[in-house]
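Listed below are the residues making up each chain.
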Amino acid sequence: MSIVILTDSASDIEASVRQSLGIVSVPLKVMFGSETYLDGVTISSGEFFDKLKQSSALPTTSQPSPIEFAEVYKGIVEQHGKDVQIIVIMLSAALSGTYQSAMIAKTMMEDEVDITVIDSRKASFVHGMICVEAARAAQEGKNKQQILDMIDRYLDEVQVYFIVDTLEFLQKGGRIGRASAVIGSLLNIKPILMLDPAGYVSAFDKVRGTKKALNRVLETLQEYAQGQRVKVAVLHSSVPEQAAEMLERIKQEFSVSESYIQEIGPVIGTHTGPGLLGFVMVKE
Amino acid sequence: MVHTRLDGVQFSRMVYLGASFLSGNVKVVDGLNVFPVPDGDTGTNMNLTLTSGVEELSRKESASISDAASALAKGLLMGARGNSGVILSQLFRGFSKTVSGKEEINARQFADALKAGVDSAYQAVMKPVEGTILTVAREAADMAVRTARTSDDVVHVMEKTYEQAQETLLRTPDMLPVLKEVGVVDSGGQGLLYIYEGFLRALRGETANELKQASPQPKDQLQLDKLVQEHHNAQVHLKTEDIQYGYCTEFMVWLSHSTEPNKKPFSEALFRAQLDKMGDSLLVVSDDDVVKVHIHAEHPGNVMQYAQQFGSLHRIKIENMREQHANILKAEESKEQDAAAKSGQLGALPYGLIAVAAGKGIAEIYRSMGVHVVVEGGQTMNPSTEDFVNAITGLNAEHVIILPNNSNIIMAAQQASELAEVPVTVIPSKSIPQGMAALVAFNAGAEPMVNAEAMSKAIAHVKTGMVTHAVRDTRMGDVEIKEGDYIGIAEKEIVTSGADLMESARTLLLSMIDEDAEIVTIFLGADATQDQAAELEEAVSDAFPDVEVEILDGGQPLYPFIYSVE
Numbered sequence: 001m002s003i004v005i006l007t008d009s010a011s012d013i014e015a016s017v018r019q020s021l022g023i024v025s026v027p028l029k030v031m032f033g034s035e036t037y038l039d040g041v042t043i044s045s046g047e048f049f050d051k052l053k054q055s056s057a058l059p060t061t062s063q064p065s066p067i068e069f070a071e072v073y074k075g076i077v078e079q080h081g082k083d084v085q086i087i088v089i090m091l092s093a094a095l096s097g098t099y100q101s102a103m104i105a106k107t108m109m110e111d112e113v114d115i116t117v118i119d120s121r122k123a124s125f126v127h128g129m130i131c132v133e134a135a136r137a138a139q140e141g142k143n144k145q146q147i148l149d150m151i152d153r154y155l156d157e158v159q160v161y162f163i164v165d166t167l168e169f170l171q172k173g174g175r176i177g178r179a180s181a182v183i184g185s186l187l188n189i190k191p192i193l194m195l196d197p198a199g200y201v202s203a204f205d206k207v208r209g210t211k212k213a214l215n216r217v218l219e220t221l222q223e224y225a226q227g228q229r230v231k232v233a234v235l236h237s238s239v240p241e242q243a244a245e246m247l248e249r250i251k252q253e254f255s256v257s258e259s260y261i262q263e264i265g266p267v268i269g270t271h272t273g274p275g276l277l278g279f280v281m282v283k284e
Numbered sequence: 001m002v003h004t005r006l007d008g009v010q011f012s013r014m015v016y017l018g019a020s021f022l023s024g025n026v027k028v029v030d031g032l033n034v035f036p037v038p039d040g041d042t043g044t045n046m047n048l049t050l051t052s053g054v055e056e057l058s059r060k061e062s063a064s065i066s067d068a069a070s071a072l073a074k075g076l077l078m079g080a081r082g083n084s085g086v087i088l089s090q091l092f093r094g095f096s097k098t099v100s101g102k103e104e105i106n107a108r109q110f111a112d113a114l115k116a117g118v119d120s121a122y123q124a125v126m127k128p129v130e131g132t133i134l135t136v137a138r139e140a141a142d143m144a145v146r147t148a149r150t151s152d153d154v155v156h157v158m159e160k161t162y163e164q165a166q167e168t169l170l171r172t173p174d175m176l177p178v179l180k181e182v183g184v185v186d187s188g189g190q191g192l193l194y195i196y197e198g199f200l201r202a203l204r205g206e207t208a209n210e211l212k213q214a215s216p217q218p219k220d221q222l223q224l225d226k227l228v229q230e231h232h233n234a235q236v237h238l239k240t241e242d243i244q245y246g247y248c249t250e251f252m253v254w255l256s257h258s259t260e261p262n263k264k265p266f267s268e269a270l271f272r273a274q275l276d277k278m279g280d281s282l283l284v285v286s287d288d289d290v291v292k293v294h295i296h297a298e299h300p301g302n303v304m305q306y307a308q309q310f311g312s313l314h315r316i317k318i319e320n321m322r323e324q325h326a327n328i329l330k331a332e333e334s335k336e337q338d339a340a341a342k343s344g345q346l347g348a349l350p351y352g353l354i355a356v357a358a359g360k361g362i363a364e365i366y367r368s369m370g371v372h373v374v375v376e377g378g379q380t381m382n383p384s385t386e387d388f389v390n391a392i393t394g395l396n397a398e399h400v401i402i403l404p405n406n407s408n409i410i411m412a413a414q415q416a417s418e419l420a421e422v423p424v425t426v427i428p429s430k431s432i433p434q435g436m437a438a439l440v441a442f443n444a445g446a447e448p449m450v451n452a453e454a455m456s457k458a459i460a461h462v463k464t465g466m467v468t469h470a471v472r473d474t475r476m477g478d479v480e481i482k483e484g485d486y487i488g489i490a491e492k493e494i495v496t497s498g499a500d501l502m503e504s505a506r507t508l509l510l511s512m513i514d515e516d517a518e519i520v521t522i523f524l525g526a527d528a529t530q531d532q533a534a535e536l537e538e539a540v541s542d543a544f545p546d547v548e549v550e551i552l553d554g555g556q557p558l559y560p561f562i563y564s565v566e
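Residue numbers (this note's numbering), protein chains in the order written: chain A, 1 to 284; chain B, 1 to 566.
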């Protein structure tokens with residue numbers, strides 16, 4: 001009996017990684033005015049951020065429809081047979097209706113196939129990293145319950161902090177939720193953002209200046225890691241050098257067993273803008 | 001009263017009462033409307049939609065629930081206006097399909113029909129958003145289905161459905177941030193709740209006449225009404241500029257099946273996909289003959305031109321939502337002025353922030369950080385206790401926080417706090433940078449005690465330096481100071497002095513930075529220049545390349561430079 005991990009393009013998993021692990025991804029859409037692109041399919045991160053610089057109007061995003069999910073479910077059944085078990089790990093339902101679509105599509109398939117849809121309450125390579133772990137576990141022959149338990153542990157435990165250049169994109173896209181109390185000012189105040197347990201973007205702290213913000217994030221992660229071995233991902237939008245520099249620092253200060261540098265994709269990028277640095281950490 | 005069956009006559013009574021309940025509360029629902037666009041017409045739209053349904057229903061009165069529901073669905077579809085109206089029409093379209101062909105239904109079938117309506121509504125909406133009428137309808141229908149498993153009483157099922165709808169409605173602000181921000185429940189959900197309330201009362205045997213002298217409203221309901229009246233209309237909290245698609249566009253397409261020239265065959269999926277690119281809040285509902293379209297678009301002409309390829313256009317309605325919204329704002333403004341004139345004050349702020357500062361730029365920075373009143377003052381101009389008392393009284397806040405920003409001013413602030421009628425916390429900030437550090441730590445959502453502690457603690461993490469000139473000859477430790485010399489003070493201590501401004505300024509600044517420093521801020525005084533600031537920045541970058549430097553125009557008198565090192 002095979003297990004297939006299905007996610008959305010907002011998980012920002014490299015195509016090569018997805019392919020090697022057999023992770024299926026359903027693309028969200030990014031719209032610049034009247035032009036619609038399929039996230040990661042007809043537009044890459046690089047193309048997206050180039051376009052963002054040139055475009056006067058901000059892009060918008062939209063979730064896949066239930067029909068699109070249902071078609072993907074059917075495709076998986078065709079390929080793997082009726083006995084396939086599909087584990088669907090979705091972008092935070094607090095941020096997007098993608099989870100909703102996946103759920104509706106599941107009801108359209110009722111009784112035909114075993115589908116478990118999970119609201120990750122996460123975004124980008126946070127639920128992306130968990131998909132990777134889940135797919136590996138599936139390859140190792142773990143059963144569905146073991147994989148679901150593992151996913152639960154990671155979802156509860158994974159640490160996510162990020163810093164954006166400007167709150168403008170989060171505000172315009174309406175994704176700032178409980179972090180909206182953080183207002184800009186003439187001082188260079190950097191809010192440190194996190195995903196709260198319900199999956200909303202919220203303010204963790206605010207400090208003056210990027211350097212201070214980064215130090216504060218690393219201190220907080222130290223308190224979490226307690227010297228134990230951790231898996232780490234540094235996320236960024238259009239700032240690869242800074243991300244690489246930060247990862248080097250993390251490798252020196254933490255006991256890192258596995259690390260990733262991941263550029264965020266068009267859909268998440270629509271809501272964060274360029275210049276994001278994000279930190280994902282989970283104990284091994 | 002127990003009903004185990006529901007027929008067309010009873011169903012019609014429910015709808016009539018639901019409609020009259022909604023129409024009596026249109027203003028309440030309108031007042032809640034902030035999502036997806038704050039145009040303040042959800043109640044009106046739902047009411048007009050339901051009215052059209054009721055008209056059709058009364059034209060085709062029938063004892064069969066199948067016929068009655070089908071007439072209602074048809075009328076709703078024809079009359080659907082606005083997002084919530086279209087969703088409402090879908091709720092009963094799905095309902096009608098499920099009861100099709102039946103004379104009467106039992107409790108279980110009633111619940112299933114409610115559920116089918118929800119499925120139909122979710123499918124019609126391109127981007128279902130939780131925390132709206134959809135969620136209220138869905139959770140209520142789920143409850144109906146659960147209840148019907150153990151009860152064959154339609155009244156009981158409706159009771160539980162109504163209670164769940166009410167409970168879900170109260171949670172909508174937790175699901176949809178914009179509602180929480182403005183402090184309201186979802187408008188469409190509220191409209192649906194009124195309809196359900198009518199349904200329930202009809203099943204209990206009440207009629208429209210009794211309704212007029214109805215029993216007191218449930219407690220939550222009263223609170224909601226109060227919420228609406230106390231808060232200004234919810235739309236006021238949002239800006240007209242935030243509306244991206246300016247025209248609420250609605251029309252129907254009568255599909256041409258014949259082989260008319262220049263008309264294309266219709267595919268709902270393609271049609272929907274095409275329109276989705278032209279705006280948001282898209283709703284497309286079609287049966288074999290008619291397509292009903294609702295969209296918020298910036299170019300309604302393009303939408304209609306596209307749709308016309310499939311048939312003729314009818315019941316066209318286009319409204320400029322920016323204008324609608326601006327009118328609401330205007331109406332609210334004059335209402336606010338009236339209210340202010342009557343009571344002499346507006347609602348109290350949870351926190352009032354007062355800071356003492358000298359210099360236009362510094363005052364500006366404080367205001368940008370959320371300070372409500374900047375009291376002019378500093379080293380040589382100490383504000384009085386009375387100045388603070390006046391500032392506190394003028395604020396009308398529930399709790400006031402004062403940042404004295406000078407050791408000579410803390411006492412006056414504390415005295416004012418004892419005289420004030422509201423609780424006042426004085427944060428013992430002794431300099432401009434300390435006051436700012438305290439403000440960064442301020443959290444409008446936290447309790448006063450928590451803020452007091454966080455802000456007082458933040459003061460300790462910032463070092464203050466000031467450059468000024470000596471007012472007389474003096475001696476401090478080993479440093480000999482002549483009148484007119486420039487002196488550099490770190491916290492309370494004079495660390496350097498000399499005749500050359502830049503020399504003293506540089507020496508002081510570099511002496512303050514150590515390996516823990518992360519950011520240096522230089523506030524330029526009224527007499528200092530940008531060139532001088534650039535010179536200082538360069539000195540810091542040369543010696544400490546990792547330290548961030550920020551230069552801000554403070555405009556303060558007497559001190560050419562104030563430094564903050566964190």
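Worth flagging that the hints you see were computed from the coordinates, not collected in a lab.
Source: prediction; values computed, not measured.
There may be inaccurate statements among the hints.
To be verified - With a straight-line Cα cutoff of 30 Å, these simulated DSSO-like cross-link-like pairs (lysine-lysine) come out:
id	chain 1	residue 1	chain 2	residue 2
1	A	K172	B	K277
2	A	K106	B	K277
3	A	K74	A	K53
4	B	K360	A	K212
5	B	K492	A	K211
6	A	K251	A	K211
7	A	K53	B	K127
8	B	K264	B	K27
9	A	K251	A	K212
10	B	K317	A	K172
11	A	K106	B	K97
12	A	K74	B	K457
13	A	K211	A	K53
14	B	K430	A	K211
15	B	K127	B	K180
16	B	K264	B	K360
To be verified - Some chain A residues close to chain B (C-beta under 10 Å, calculated; not the full set):
id	residue
17	L38
18	K51
19	L52
20	K53
21	S55
22	S56
23	A57
24	Q63
25	I67
26	Q100
27	S101
28	G174
29	I189
30	Y200
31	K211
Every residue gets a Cβ at the ideal spot worked out from N, C-alpha and C, and that includes glycine.
Hint by hint, here is what the structure shows:
no.: 1; hint: A/K172 with B/K277; in the structure: 18 Å, holds
no.: 2; hint: A/K106 with B/K277; in the structure: 26 Å, holds
no.: 3; hint: A/K74 with A/K53; in the structure: 39 Å, violated
no.: 4; hint: B/K360 with A/K212; in the structure: 28 Å, holds
no.: 5; hint: B/K492 with A/K211; in the structure: 28 Å, holds
no.: 6; hint: A/K251 with A/K211; in the structure: 18 Å, holds
no.: 7; hint: A/K53 with B/K127; in the structure: 27 Å, holds
no.: 8; hint: B/K264 with B/K27; in the structure: 42 Å, violated
no.: 9; hint: A/K251 with A/K212; in the structure: 19 Å, holds
no.: 10; hint: B/K317 with A/K172; in the structure: 28 Å, holds
no.: 11; hint: A/K106 with B/K97; in the structure: 22 Å, holds
no.: 12; hint: A/K74 with B/K457; in the structure: 59 Å, violated
no.: 13; hint: A/K211 with A/K53; in the structure: 25 Å, holds
no.: 14; hint: B/K430 with A/K211; in the structure: 26 Å, holds
no.: 15; hint: B/K127 with B/K180; in the structure: 20 Å, holds
no.: 16; hint: B/K264 with B/K360; in the structure: 66 Å, violated
no.: 17; hint: L38; in the structure: 13 Å, violated
no.: 18; hint: K51; in the structure: 16 Å, violated
no.: 19; hint: L52; in the structure: 17 Å, violated
no.: 20; hint: K53; in the structure: 20 Å, violated
no.: 21; hint: S55; in the structure: 14 Å, violated
no.: 22; hint: S56; in the structure: 13 Å, violated
no.: 23; hint: A57; in the structure: 9 Å, holds
no.: 24; hint: Q63; in the structure: 6 Å, holds
no.: 25; hint: I67; in the structure: 8 Å, holds
no.: 26; hint: Q100; in the structure: 5 Å, holds
no.: 27; hint: S101; in the structure: 8 Å, holds
no.: 28; hint: G174; in the structure: 7 Å, holds
no.: 29; hint: I189; in the structure: 6 Å, holds
no.: 30; hint: Y200; in the structure: 7 Å, holds
no.: 31; hint: K211; in the structure: 5 Å, holds
Hint compliance for this structure: hints 3, 8, 12, 16, 17, 18, 19, 20, 21 and 22 are broken, all remaining hints hold.
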